[in-house]
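2 protein chains.
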Amino acid sequence: MTGKNYIGNQLSANGNKTFQTFNPELNTENSTVFTEASSEEIQEAVTLASKAFQEFRFISGKRKADFLNTIADEILALDDELVKMYCSETGLLEGRAKGERGRTVGQLRSFANLVAEGSWLEATIDLAQPNREPIPKLDIRKMLIPLGPVVVFGASNFPLAYSTAGGDTAAALAAGCPVIVKSHPMHAGTGELVASAIVKAAHKTGMPNGVFSNLNSSGIEVGQQLVVNPKVKAVGFTGSIKGGRALLDLAAKREEPIPVFAEMGSINPVVILPKALENRHQEIAKTYANSITLGTGQFCTNPGLILGIKSENLTSFINNLSDEIIKINPSCMLHPNIKKGYNANKEKVVSQENVTITANYEAEVENNYAQQTVVSVNGKDFLENSTLHLEVFGPFSMVVQCENENELEQIIANLEGQLTGTIISDENEVNNYTSLVAALQNRVGRIIFNGVPTGVEVCESMVHGGPYPASTDSRFTAVGINSIKRWVRPFSYQDWPNSLLPKELQNENPLDIFRTVEGKRTNQKI
Amino acid sequence: MTGKNYIGNQLSANGNKTFQTFNPELNTENSTVFTEASSEEIQEAVTLASKAFQEFRFISGKRKADFLNTIADEILALDDELVKMYCSETGLLEGRAKGERGRTVGQLRSFANLVAEGSWLEATIDLAQPNREPIPKLDIRKMLIPLGPVVVFGASNFPLAYSTAGGDTAAALAAGCPVIVKSHPMHAGTGELVASAIVKAAHKTGMPNGVFSNLNSSGIEVGQQLVVNPKVKAVGFTGSIKGGRALLDLAAKREEPIPVFAEMGSINPVVILPKALENRHQEIAKTYANSITLGTGQFCTNPGLILGIKSENLTSFINNLSDEIIKINPSCMLHPNIKKGYNANKEKVVSQENVTITANYEAEVENNYAQQTVVSVNGKDFLENSTLHLEVFGPFSMVVQCENENELEQIIANLEGQLTGTIISDENEVNNYTSLVAALQNRVGRIIFNGVPTGVEVCESMVHGGPYPASTDSRFTAVGINSIKRWVRPFSYQDWPNSLLPKELQNENPLDIFRTVEGKRTNQKI
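Those protein sequence lines, which keep their order, are chains U and A. Residues in the first sequence are numbered from 222 upward in steps of one, following the working numbering. Residues in the second sequence are numbered from 222 upward in steps of one, following the working numbering.
Only chain U is shown next, with the shape it has when bound in the complex:
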């Protein structure tokens, strides 16, 4: 552990500003002193990335796969050192660290498989028709190519899977884009270890210097400088609405605006239909008490909003949920500042008019542990007071009691964009709520039947993203292999000589990939 930045393959610490990470379980600072990247180091990382891009963008899918798999190997080789560092900087338990490491490694390998195979490039070929009337048709061939250097902002709540070598980085490298990570200050040590694994892998597999850099920072300046740098071509971010929007605004004001994919806040509405409430409110309450407190409520898919129609059953559900959630042992939050934010946001919501606290863990807790809370409010108040729509990041949820189905649907239709929406229904009950379901679909990226929103399967059919402010561009997902599409653009070759075309588009199809030729998908030669 050096506390230094990786400017390409070089460790470097020329800046003046230093900081330490914090162990929230022990409530003490960790010992390593990290040096924030200086303006010169930032510029150097970007220059290297831009140069590396000129080589990296032409490196074959198989070699990129080798790089990604070697990153995964090197992360695993860090073994206990990584797990210990992770736990010491997050307050999360070893099981979570190992699970998240598995997910991170799995993501890297799935992108490796994708680019080794190669059909993802959407190679599309329309052949010439020299005798077409009134004008000849030319030979046109298209495939996806990388955008250029990508800046990735690590997430506080996923130190591995959505940080240094997480989903954004893996997707960008797979696409052929060099990556500059703005390391998250809360887990800079975990970041440095993972960065060292990436740098080792880049060296072992012969990747150009600058294909990856890792910059330390404790404030917002490093990130700002990166986003406005003209050589940076895209940004990936996971975090708060305020942070993501600030970067989006900065990128939009550039002389050359660039795409920003920010995965931001969500309160993940859950609608419990009347029959389901009637038949299994106890069971649902228990399931949701667990979902709300999972990972100390620090998931972007945490169910922060539960909607139902006023009834005795809904009242019973609220009571059950409150009873169940109080039984759960409080757990540690990621950082004292996260806990401070949790308490402040909770206070803000709770202090609004007509908000009833139905559960509040009041016993003393350890430093940095979160006290879980459930509140209840009427539909009318929720509709009229947008402060109640605020995400309270932590083990918190709000139950909204609607007057009737109309009010429930109106609330859903007027929700801000969300990552997920959930319908809890008895077998066929949902058949009677098609318009409600349609309204919910319009506000979310993923809709769940009789489940919980926490737990995001990493697979091709997963959409993690949604209408603003769930994400800044709902046309892309942040999870799954299709997230690679954020960092590429289509490119056409017209009448280009076969031998000079990239292999993906050559007549002989030397990579044996599936392509669309004359409108038909095939892996045949031409």
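Treat the hints as calculated values from the structure; they're not laboratory data. Among the clues, some could well be false.
If chains are identical, the list can't say which one is meant, so a pair holds when it fits in one copy or spans any two.
[Claimed, not checked] In the DSS-like style, the derived pairs of lysine-lysine whose C-alpha atoms are separated by at most 25 Å in a straight line are: (1) 474 / 463; (2) 741 / 569; (3) 741 / 496; (4) 452 / 601; (5) 283 / 496; (6) 706 / 283; (7) 569 / 421.
Dock chain A against the given chain U, drawing on the hints supplied.
Relative to the frame of chain U, chain A by itself:
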């Protein structure tokens, strides 16, 4: 011809501001008086579109195809009336009108085929694995769904193919998004006729009222009001960098930022390699004299920049090009304001230091006819003076004489983003210029070998778009069936009951489309 707006299916003219279109050939105003849409009419169109979306987004691909094909039929049924109106508002000839009508109808039918077939929706299915360890895998299914109401800004230079029922509109309707067209003031009559065809088709095929509106405007206010309206979810624009950027900035400042796809300016660099210059400079000069003046130079793919290495052959080429271009008969521009802009931009470029005029059509021309011009400048001057990079919309091109290959490559690497780049090469000459080609590829959306950039084939492999400012989001194309991707987002269903899934995702695959099931592409049932 009423001069009114279509607010959904209703003709309406409540505004106070009126304007007329102009016949540039006759140099007189056309007779119809158009009424600009009022704020209330704009709001009404958006409200109707938003309501229509709730129905339209669930309409089957086959019914949308019927709608699109009927629009094509109704456009053809307008027959001579449309052709005459088109010519009277643009100064373009009947042949061009008919050609562009053919392209417009072809685009509508190709989107109809796409959505009738249905596999474009990228249906992706991962099945549940209830026994997976450590946690069960859930059933997740994904497909593309429409974003919501789309505002389309018609292009001055494509009154049919990139205006009222043009590429953006056809793609958005095919996607399931209602469309509000901000009609181009220079061809409002053509716009009204085409709008009447769309409204008729909507009526005939039972589409919801509000699926389409057509708003007249002579200034920028109608467009601004549309882009900031919270119910509008995306914007398509074809036009100037200034106009596109203004809309992009407006959209970025909204509480909910929305995607803007603007296809803007381009000077379409053409590199002539030395051997090609040596062997066929005369032929190339002739070809390019035609390409530069095609359609009075009013194409976004017009070759405005020709790059070569200083030599006697390059000098001969410049002389040949200048001789050839002067022989061509000047032709009419779209509007007096377009001609004014052409002359002003030309003047701006020509007045820069060290710019030599090598061809200038100086004989008297008809009102609104453009005088073609070729200028020449040294590489160093071009590199140092960005005013020389300005697009001069019209029959104009600049030949840049570079000192050597290095300077040529440096110029290319520092170009603004472009729609196209062209390499003119002898058979194998290009093999020696891989790094130059790589630099060019990095600045464009389409690269052409031994051809001209004018002429954009409408096919799946075409990319029309490119790095900013060629377009605002290089990750999408404005031409070809994949342009539909601008208006859709992926959406996941988790554990959703089979009978309630959209047909595209049901086990039985009732639409018989190709889907990705468990990572394999298939049209089989599950």
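Hint by hint, here is what the structure shows:
no. : hint      : verdict
1   : 474 / 463 : both (17 Å within a copy, 14 Å between copies)
2   : 741 / 569 : neither (57 Å within a copy, 49 Å between copies)
3   : 741 / 496 : neither (48 Å within a copy, 38 Å between copies)
4   : 452 / 601 : between (49 Å within a copy, 22 Å between copies)
5   : 283 / 496 : neither (53 Å within a copy, 36 Å between copies)
6   : 706 / 283 : within (18 Å within a copy, 28 Å between copies)
7   : 569 / 421 : neither (47 Å within a copy, 54 Å between copies)
This entry does not satisfy hints 2, 3, 5, 7, going by the numbered hints stated previously.
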